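*Asks:* Here is how the chains run, residue by residue.
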Amino acid sequence: MRIPILKLHNYLLISIQTEMDDNTAIQFQEDLLSEIHRTGASGVVIDLTSVDMIDSFIAKVLGDVVKMSNLMGAKVVLTGIQPPVAMTLIELGVHLQNVPTALDLEQGLLKLRQELGE
Amino acid sequence: MGLLSCVTINNEWDIVKARQLGRECARDVGFSTVDQARIATAVSELARNIYLYTDSGQLCFEQISHTEQKGMTLVSLDDGPGMDDISQMMEDGYSTSGGLGTGLPGVKRLVDQFDIQSEKGKGTEIRAVKWTR
Amino acid sequence: MLDKDFKSIVLNNSDTIVQKWLAEIDTMKRANYSDSVSEELLESTNREFVNIIFNSIKNQGETEKLQQFAEKLIHLGWQVSYITDGLQVFRRVTIDFILDQSDKVDSHYISELMQQVDLWVEPVIRQLVNEYSGNWENIISLQRVALQELSAPLIPVIDNITVMPLIGTIDTERAKLIMEGLLDGVIKHNSEVVLIDITGVPVVDTMVAHHIIQAAEAVRLIGATCILVGIRPEIAQTIVNLGIDLSKFPTKSSLRKGFITALEMTGRQIVDSGQKDDSIEQMMDSLGGA
Numbered sequence: 001m002r003i004p005i006l007k008l009h010n011y012l013l014i015s016i017q018t019e020m021d022d023n024t025a026i027q028f029q030e031d032l033l034s035e036i037h038r039t040g041a042s043g044v045v046i047d048l049t050s051v052d053m054i055d056s057f058i059a060k061v062l063g064d065v066v067k068m069s070n071l072m073g074a075k076v077v078l079t080g081i082q083p084p085v086a087m088t089l090i091e092l093g094v095h096l097q098n099v100p101t102a103l104d105l106e107q108g109l110l111k112l113r114q115e116l117g118e
Numbered sequence: 001m002g003l004l005s006c007v008t009i010n011n012e013w014d015i016v017k018a019r020q021l022g023r024e025c026a027r028d029v030g031f032s033t034v035d036q037a038r039i040a041t042a043v044s045e046l047a048r049n050i051y052l053y054t055d056s057g058q059l060c061f062e063q064i065s066h067t068e069q070k071g072m073t074l075v076s077l078d079d080g081p082g083m084d085d086i087s088q089m090m091e092d093g094y095s096t097s098g099g100l101g102t103g104l105p106g107v108k109r110l111v112d113q114f115d116i117q118s119e120k121g122k123g124t125e126i127r128a129v130k131w132t133r
Numbered sequence: 001m002l003d004k005d006f007k008s009i010v011l012n013n014s015d016t017i018v019q020k021w022l023a024e025i026d027t028m029k030r031a032n033y034s035d036s037v038s039e040e041l042l043e044s045t046n047r048e049f050v051n052i053i054f055n056s057i058k059n060q061g062e063t064e065k066l067q068q069f070a071e072k073l074i075h076l077g078w079q080v081s082y083i084t085d086g087l088q089v090f091r092r093v094t095i096d097f098i099l100d101q102s103d104k105v106d107s108h109y110i111s112e113l114m115q116q117v118d119l120w121v122e123p124v125i126r127q128l129v130n131e132y133s134g135n136w137e138n139i140i141s142l143q144r145v146a147l148q149e150l151s152a153p154l155i156p157v158i159d160n161i162t163v164m165p166l167i168g169t170i171d172t173e174r175a176k177l178i179m180e181g182l183l184d185g186v187i188k189h190n191s192e193v194v195l196i197d198i199t200g201v202p203v204v205d206t207m208v209a210h211h212i213i214q215a216a217e218a219v220r221l222i223g224a225t226c227i228l229v230g231i232r233p234e235i236a237q238t239i240v241n242l243g244i245d246l247s248k249f250p251t252k253s254s255l256r257k258g259f260i261t262a263l264e265m266t267g268r269q270i271v272d273s274g275q276k277d278d279s280i281e282q283m284m285d286s287l288g289g290a
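Residue numbers (the working numbering), protein chains in the order written: chain Y, 1 to 118; chain G, 1 to 133; chain A, 1 to 290.
Okay, chain Y solo, but in the shape it has when bound:
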């Protein structure tokens, strides 16, 4: 199972809609980094609206992918994290600090534009 990555101008858009197992998550990390490299994208929005659970492993993969993308010069915004998922993450002790978030895809794109100063 691979997660599709869409390109829009100099942004990459990803909507995660499958139940993520560990392999999918790792595969996604690799795919996204190579897409950033290939397209030279400056911003990435990962939309998690359809994700109903994030455990510590997936949270780590997401946090890592944000850091790695930043290293490659692309800003990442996570959008659409659902309230139950947010609460569970906080209780689990996962805070995803330094990871920018936004309510939905639209706000996420606005946030990217602000941060990139475009």
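Hints listed in this document are in silico derivations from the structure and should not be mistaken for laboratory results. Source: prediction; values computed, not measured. Hints are supplied without guarantee of correctness; some may be wrong.
Said to hold, decoys possible - Computed footprint of chain Y on chain A; a stretch qualifies when at least three of its residues, placed anywhere within it, have a C-beta under 8 Å from a C-beta of chain Y:
| hint | region |
| --- | --- |
| 1 | 179–188 |
| 2 | 216–229 |
To be verified - Have a look at the derived ranges for each label pair, beta carbon to beta carbon:
| hint | chain 1 | residue 1 | chain 2 | residue 2 | range |
| --- | --- | --- | --- | --- | --- |
| 3 | A | M265 | Y | T49 | 33 to 41 Å |
| 4 | Y | T49 | A | T199 | 33 to 41 Å |
| 5 | Y | T49 | G | R27 | 16 to 24 Å |
| 6 | G | Q117 | A | H210 | 28 to 36 Å |
| 7 | G | T33 | A | S254 | 55 to 63 Å |
| 8 | Y | E106 | G | K122 | 30 to 38 Å |
| 9 | G | S5 | A | D171 | 47 to 55 Å |
| 10 | Y | T49 | G | K17 | 19 to 27 Å |
| 11 | G | R27 | A | I187 | 15 to 23 Å |
| 12 | G | N11 | A | R256 | 52 to 60 Å |
| 13 | G | Q69 | A | I167 | 27 to 35 Å |
| 14 | A | N130 | G | Q69 | 32 to 40 Å |
| 15 | G | K17 | A | N135 | 29 to 37 Å |
Stated by the list, open to error - Simulated coverage check for chain G against chain Y, where a stretch passes if three residues somewhere in it have a Cβ under 8 Å from a Cβ of chain Y:
| hint | region |
| --- | --- |
| 16 | 5–18 |
| 17 | 37–48 |
All residues carry an ideal CB built from backbone N, CA and C; glycine is no exception.
With chain Y held as given, fit chains G and A onto it using these hints.
*Replies:* Same frame as chain Y, now just chains G and A:
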């Protein structure tokens, strides 16, 4: 008391299977969506621990009730290496696998009761109970 | 056999016992809680009470009258100690009376007597107290529901800005409800900024701060920003003295200041339209023209 269903954890895919079954069971008991997410996450953490640290193990779900309250017990059973120091395992940020180190203490925060028994070389049994509000 | 004897002694001498009981209750009431209750009401209630006790001795197991009496007392708002004291006095008076009447008194006799009187008194106490505690439980559960309704109101003040005023003490159970309400509200109102107003929270200790920080972090995860407002001087002092780190999200002393910050964050500002001045000038002009 209630239905007992189990998943054997041998590979990564079984983690997904376990949390789907766990969520289904939580829905049957009548947990809120937030609590369903808590349970599915706890299941995922427990299942991953089995996958990472032991050759094989089982995760079982049981519906329980006490007077007016309904609830659910998660039981994680494995015959793995056991734990050296349970109190160390329960510290935030402790990890031997390079993970976030939030697994077990995180699970404890997600459920209402948490009990862990481990014997070096024999295996580990973890029981976690969650009650509906 | 003895049971019958005791019963007949008590029932045959009910007038004397009632007199003694009333006399003793009267002295107790003087010392306790008669201030707010009228003399007549107290007397009539006392009589009703003692009648009910005798009734229950006569026909064991009659519960309806007891229930009515309990409901009446609850309605009047009398304390449960009125019942327990009254029955205690009845027990003492009755035992004293029967012992006075009897010529042969040995330890066996006394223990029989005590046992019998207890058998009379206990069901009455049990039922009346049950009625009372049932009433309390009812009140508590009603108040719990009321509290939950009060718990976390969410006010969408203006597009993308929502205010949640917190009032009262925050415990773990409430904190979870608050967090759920907060997050659902943010999604529902599409809020970019949420102002949590803690003016009405009496004490902010590490536990309360922890809950507020968790809520704020969860709000950040779903993509909005939390501003903590209503921080009074004493709260600021305790927060720093306890070593609580609130530096990760913005804080403001008042809801007004927080709201202005929230407007800035959502790219807006308050502009004075100057209409008031204009209309005053117009009025002056028209006056000058006349």
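*Asks:* Are the hints correct? Go through all of them and say.
*Replies:* Comparing the hints with the structure gives:
1. Check on the region 179–188 of chain A: 6 of its residues sit with their Cβ under 8 Å from a Cβ of chain Y, so the three-residue criterion for coverage holds.
2. Counting residues of the region 216–229 of chain A whose C-beta sits closer than 8 Å to any C-beta of chain Y gives 8, which meets the bar of three, so the coverage hint holds.
3. Judged by the Cβ atoms, the range 33 to 41 Å given for M265 (chain A) and T49 (chain Y) is violated: they are separated by roughly 23 Å.
4. One distance hint, 33 to 41 Å for the beta-carbon pair T49 (chain Y) and T199 (chain A), holds here, with the actual separation near 35 Å.
5. Between T49 (chain Y) and R27 (chain G) the C-beta distance comes to about 20 Å, which sits within the given range of 16 to 24 Å.
6. Q117 (chain G) and H210 (chain A) have their C-beta atoms about 30 Å apart, which keeps the hinted 28 to 36 Å range intact.
7. For T33 (chain G) paired with S254 (chain A), a C-beta distance near 36 Å fails the hint of 55 to 63 Å.
8. For the hinted restraint 30 to 38 Å between E106 (chain Y) and K122 (chain G), the CB-CB distance of approximately 55 Å leaves it violated.
9. With their beta carbons about 35 Å apart, S5 (chain G) and D171 (chain A) fall outside the hinted range of 47 to 55 Å.
10. Look at T49 (chain Y) against K17 (chain G): about 24 Å separates their beta carbons, and that is inside 19 to 27 Å.
11. At about 21 Å, the beta-carbon gap between R27 (chain G) and I187 (chain A) stays in the expected band of 15 to 23 Å.
12. Between N11 (chain G) and R256 (chain A) the beta carbons are some 58 Å apart, a value that agrees with the proposed interval 52 to 60 Å.
13. Between Q69 (chain G) and I167 (chain A) the Cβ separation comes to about 29 Å, which falls inside the hinted range of 27 to 35 Å.
14. Range check, N130 (chain A) to Q69 (chain G): Cβ separation about 23 Å, and the 32 to 40 Å hint is violated.
15. Checking the proposed 29 to 37 Å range against K17 (chain G) and N135 (chain A) shows it is violated: the Cβ atoms sit about 51 Å from each other.
16. Only residues whose C-beta sits within less than 8 Å of a C-beta in chain Y count toward coverage, and the region 5–18 of chain G has 4 of them, enough to reach three; the restraint holds.
17. For the region 37–48 of chain G, the proposed coverage by chain Y is satisfied: 7 residues have a C-beta within less than 8 Å of a C-beta in that chain, meeting the threshold of three.
Checked against the numbered hints given earlier, the structure breaks hints 3, 7, 8, 9, 14, 15 and satisfies all the rest.
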